[in-house]
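Asker: Here's the letter readout for the chains.
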Amino acid sequence: MLKFLILANKRGQIRFAQYYEHMSKDVQETLETEIISKCLLRSESQCSFVEYKNSKVVYRRYAAMYFIVGTDNEENELAVYEFIHNFVETLTKYFSNVCELDILFNLDRVHMILDEMVVNGHIVESNQATIVSSVRAIDQVVNR
Amino acid sequence: MPAVKGDGMRGLAVFISDIRNCKSKEAEIKRINKELANIRSKFKGDKTLDGYQKKKYVCKLLFIFLLGHDIDFGHMEAVNLLSSNKYTEKQIGYLFISVLVSANSDLMKLVIQSIKNDLASRNPVHICMAMQCIANIGSRDMAEAFTRDIPKILVSGDTIDQVKQSAALCLLRLLRQSPDLINLGEWSSRVIHLLNDQHMGVVTAAVSLIDTLVKRNPDEYKGCVSLAVSRLSRIVTSSYTDLQDYTYYFVPAPWLSVKLLRVLQNYPPPEDAAVRTRLTECLETILNKAQEPPKSKKVQHSNAKNAVLFEAINLIIHMDSDPNLLVRACNQLGQFLQHRETNLRYLALESMCLLATSEFSHEAVKKHQETVITALKTERDVSVRQRAVDLLYAMCDRTNAEEIVAEMLAYLETADYSIREEMVLKVAILAEKYAVDYTWYVDTILNLIRIAGDYVSEEVWYRVIQIVINRDDVQGYAAKTVFEALQAPACHENMVKVGGYILGEFGNLIAGDPRSSPMVQFQLLHSKFHLCAPATRGLLLSTYVKFINLFPEIKPQIQDVLRGHNQLRNSDVELQQRAVEYLQLSTLTTADVLATVLEEMPPFPERESSILAKLKKKKPDSVKENAETKMPRPAAQVNSFPEQPHPIAMPEVHNEPNQDSADLLGLSTPVPTMNATPPKDSAAGLLVDVFDTLGAMTTTTTATNGLTPGADEGFKRFLCKNNGVLFENDLLQIGVKAEFRENLGRIGIFFGNKTSFQFTSFTSEVSLPGELSNQLMVQANPVDPVVDGGAQKQQMLNIECITDFSEPPLLNIQFVYSGAQQRIALKLPVMINKLVESTEMDSTTFFQRWKTLSSPQQECQRIFKAQHPMDSEQTKAKLLGFGMGLLENVDPNPENYVSAGVLHTRNQKVGCLLRLEPNMQAQMYRLTLRTSKESVSKELCELLESQF
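So the sequence lines, in the order shown, correspond to chains A and B.
First residue of the first sequence? That's 0 in numbering that gives the first Met the number 0, and the numbers climb one at a time after it.
First residue of the second sequence? That's 0 in numbering that gives the first Met the number 0, and the numbers climb one at a time after it.
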């Protein structure tokens, strides 16, 4: 299962975080700092999988943003790696070309989209159209 | 400023922009505090906040939380949002609660009530939000509240797909949280049949649930195997247009395929032939697709395809039954080893590790050895190199061990610091496991120390010593090699330890060569002495005293070193004590006693390598692969140290047994370090261990005389030793350190408070019941009445023996712990054998005296059955510990043991002779004591009898 998903920019600032395992704020903070700096230090030629304590960390970089996912040992690395891309594409579809600021200003929407895709650390939905349409449905109710 | 989606909250956007524009951390904190104060006053004062405003503030709090600030208010407002009918308000409320409210919060009751309302509503969006909240928090209370509703929602026909998805994961969460509360019972088959659901999203969610259920109870959910196989088969054979939106870059439902392949890894290969064939076809199709030209140049396409491929290979390895598939998988991974994508190389190395453990594919994996070694040398990413090391370790066997170990050693010189320690362990294990020629093993380990000394843990150098001691064919070589290694001007401290130990045991094997004569060996070791840490110096001191035994010709030089101020007045008590005791040992005792005490170490019991245990602890997975190799490789059988299931810890320091004996013999000097060293029972290694088990095994007599339970056992344990733990319970540990000389004794009693609270009104008094008051004089200084939590207090006793005695003095301890009076009554370990000093005599004298003591009053004889294994080494050790020494070459029958000593009391000296005759066939002993005094013969005989 997935343990957490963190979004950070290349200056190491955290932009979004969702945990599927209970951790105290202190533990979360150390984990965030350590993992983000670990990922930032890696070059393009290095592989996208890192070990951190007893988690496997899979990360992917999009321009200035790092998408970092921690999993237990039961996950398929490439599947997680492509899940990140699927998530990014879904965000792109919703925000029409997503950027760091979109995420920052719409934390709740990002949470909603992620909640549609992952529940309790398990991938439940990969169909981008379904995900986007259910979030849009809420927007429409609001705007009416 | 980018638009905020939905109902644009301008206040929020402004706040976020403000934060982003802050020039410094201080400014940011200031802005945040201002905002927090603002929100707090809004929540407190203004009762007319509407839903929109609450939502805005909660959003701000979420953002502040994300920036790393803890939020301690706003929870109630978030709970209020739950009852709003507006989606976004409700959603923000749930979000805040999922992220910020802990499962044991007081608010949980309110939250659960809101969730109940939402679940009961007809609105699927509300139901989904409520269930996601359960899935995210999943507390025990929630499990209790919803354990009936959720399964019904999940399998009910009229539930919409999206709700089913949430319900599946919600149930999964509750199952993890409170497995005892969830019993699906009749629902289980309907849950399995969700695998046939039309909606791929529902199947994706259901597989996760089923995987967890299967892990709990494989038999109950066996039916899922055939369903999973047919679902997989339909996906694999579908064209990419069939699944429409669930096709990801021309790969049909990659995440679902991966999950299905995972579920199947919970079971052995399907028993049903048809299912099995279908599964094999699936796996073959997946392997075939890997060879087809890609449908897209996009990396997403190949990644998704390979995700499924790797999971299929995992299943093939898991089933481990079809050689054809295994070899195909291996070839496929072989291709990936040289792929330009680093990710694929990494994963291929990882999967191949598993393949190496299968008997069908082990040989196929070995074909890639060259490629893997190249990867180790050329990969630019340490994670990948790490995987290459793992694979080399897994593919190693008798045929390639020398080459692989050599490569790993070569790599170690430049290896990344982060993986050195693990590599050292791996090299050490491989070298031991596949050594045909133990000289190669010794060379390898010494190289290891030379190259990466800092990363060589205790386990590694303990192990090489164990092996050298147990294998006499390699001892001479080992001595020669360490001697050479120590010649290096700068050698690692671990090398000094191994060198010191081995030369101390086997230095004599190379002493014939003038280039490594005793004096040269000694000087070589001593040249390193001053550069070493205290622990190593202690080890070297033991080596020196062993040299005195091995090479009497250099005794004066060694005694000079021991006598030196650096040793005798060393501030490190351990070193000081060793120096004092070794010096006395070498000065006072005869060559025979010296030879017995400092004899070569007996072979270590065969046990699982502690290195392996350490590696297992470090990396549970990677060792399993190698250690439990499924293939009965010939090499594994040749290993001379069969791996036993119980890892046994190494004794802390090996050469301490002689230290303990030295305590017994080094009587003439009062030990100056007495009060500084806490009593340590475990530190004394083998000799004491023998007695510990003895103490534990002797039959316990019931404490009828008001003694605290355990008093007798503690007392008996001290018959053959002077230091150790006399008594221990939850509150208090009592240690004893005793010295006897002629008719005098000095006993240090150490009271250790094991709790974190004070003991008050602490007293400890010695009483001499009955006759004893005329036989012994005991002088005790008072103890401090307060013993702080975790502290240790000591009491010193001076004892004088007036005449022989048979009952021990009693020790009464009283104190108050948390208001309650505590009372402990123990036997003080003072027996007459403590006052016996051994005497040397030759055979003629012995038997002359033996004859003169032949009257029935002077002799006491017992014939008894052996209660312990009749091991001659143990018997000798016990007799030496008893205090009467051991005379060699005295009894015409070499099986027998004889001792002689003098009992010192103020009134008289009593000569004592002892003879112990074992009868191996009958498993019996005859023990005879002859002394000039009847009561002494009787008492000594009784004391000693219980020991065999």
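These are calculated hints, taken from the structure and not from any lab test.
Remember, predicted model here, so these are calculated numbers, not experimental data.
Mixed in with the good hints, there may be bad ones.
Said to hold, decoys possible - Subject to a maximum C-alpha distance of 27 Å in a straight line, what follows is the list of computed DSSO-like cross-link-like pairs (lysine-lysine):
hint: 1; chain 1: B; residue 1: 616; chain 2: A; residue 2: 55
hint: 2; chain 1: A; residue 1: 24; chain 2: B; residue 2: 376
hint: 3; chain 1: A; residue 1: 55; chain 2: B; residue 2: 297
hint: 4; chain 1: B; residue 1: 41; chain 2: A; residue 2: 52
hint: 5; chain 1: B; residue 1: 41; chain 2: A; residue 2: 24
hint: 6; chain 1: B; residue 1: 615; chain 2: A; residue 2: 92
hint: 7; chain 1: A; residue 1: 2; chain 2: B; residue 2: 22
hint: 8; chain 1: A; residue 1: 9; chain 2: B; residue 2: 22
hint: 9; chain 1: B; residue 1: 376; chain 2: A; residue 2: 37
hint: 10; chain 1: A; residue 1: 37; chain 2: B; residue 2: 296
hint: 11; chain 1: B; residue 1: 616; chain 2: A; residue 2: 37
hint: 12; chain 1: B; residue 1: 41; chain 2: A; residue 2: 9
hint: 13; chain 1: B; residue 1: 617; chain 2: A; residue 2: 52
hint: 14; chain 1: B; residue 1: 908; chain 2: B; residue 2: 932
hint: 15; chain 1: B; residue 1: 29; chain 2: A; residue 2: 24
hint: 16; chain 1: A; residue 1: 24; chain 2: B; residue 2: 24
hint: 17; chain 1: A; residue 1: 9; chain 2: B; residue 2: 615
hint: 18; chain 1: A; residue 1: 55; chain 2: B; residue 2: 617
Asker: Please go over all the hints and tell whether each is borne out by the structure.
Answerer: Here is how each hint holds up against the structure:
1. Of the pairs offered as hints, the one joining residue 616 (chain B) and residue 55 (chain A) holds, with about 18 Å between alpha carbons and a cut-off of 27 Å not exceeded.
2. As the CA atoms of residue 24 (chain A) and residue 376 (chain B) are separated by approximately 41 Å, the hinted pair breaks the 27 Å bound.
3. Taken as a hint, the residue 55 (chain A) and residue 297 (chain B) pair is honoured in the structure, with Cα atoms around 25 Å apart against an allowance of 27 Å.
4. Restraint check for residue 41 (chain B) and residue 52 (chain A): not satisfied, since their Cα atoms lie roughly 43 Å apart, outside the 27 Å limit.
5. With a C-alpha separation of about 26 Å, the suggested pair residue 41 (chain B) and residue 24 (chain A) falls inside the 27 Å cut-off, and the hint holds.
6. For the given pair, residue 615 (chain B) sits about 47 Å from residue 92 (chain A) by alpha-carbon distance, which is inconsistent with the 27 Å threshold.
7. At most 27 Å may separate the alpha-carbon atoms for a hinted pair to count; residue 2 (chain A) and residue 22 (chain B) exceed this at roughly 34 Å.
8. A distance of roughly 18 Å separates the Cα atoms of residue 9 (chain A) and residue 22 (chain B); the hinted pair therefore holds under the 27 Å criterion.
9. For the given pair, residue 376 (chain B) sits about 23 Å from residue 37 (chain A) by alpha-carbon distance, which is consistent with the 27 Å threshold.
10. With a C-alpha separation of about 30 Å, the suggested pair residue 37 (chain A) and residue 296 (chain B) falls outside the 27 Å cut-off, and the hint is violated.
11. For a cut-off of 27 Å, the pair hint linking residue 616 (chain B) to residue 37 (chain A) stands: about 24 Å separates their Cα positions.
12. About 36 Å separates the Cα atoms of residue 41 (chain B) and residue 9 (chain A), which puts this hinted pair outside 27 Å; it is violated.
13. For the hint linking residue 617 (chain B) to residue 52 (chain A), the alpha-carbon distance of about 11 Å falls within 27 Å, and the restraint holds.
14. A C-alpha spacing of about 10 Å is found between residue 908 (chain B) and residue 932 (chain B), which places the hinted pair at or below 27 Å, so the restraint holds.
15. Our distance criterion of 27 Å between C-alpha atoms is met by residue 29 (chain B) and residue 24 (chain A), whose separation comes to about 21 Å.
16. The straight-line distance between the Cα atoms of residue 24 (chain A) and residue 24 (chain B) is roughly 20 Å, inside the 27 Å bound, and the hint therefore holds.
17. A C-alpha spacing of about 37 Å is found between residue 9 (chain A) and residue 615 (chain B), which places the hinted pair above 27 Å, so the restraint is violated.
18. The hinted pair formed by residue 55 (chain A) and residue 617 (chain B) meets the criterion: a straight-line CA distance of about 16 Å does not exceed 27 Å.
The structure fails to meet hints 2, 4, 6, 7, 10, 12 and 17 from the earlier list, while all remaining hints are met.
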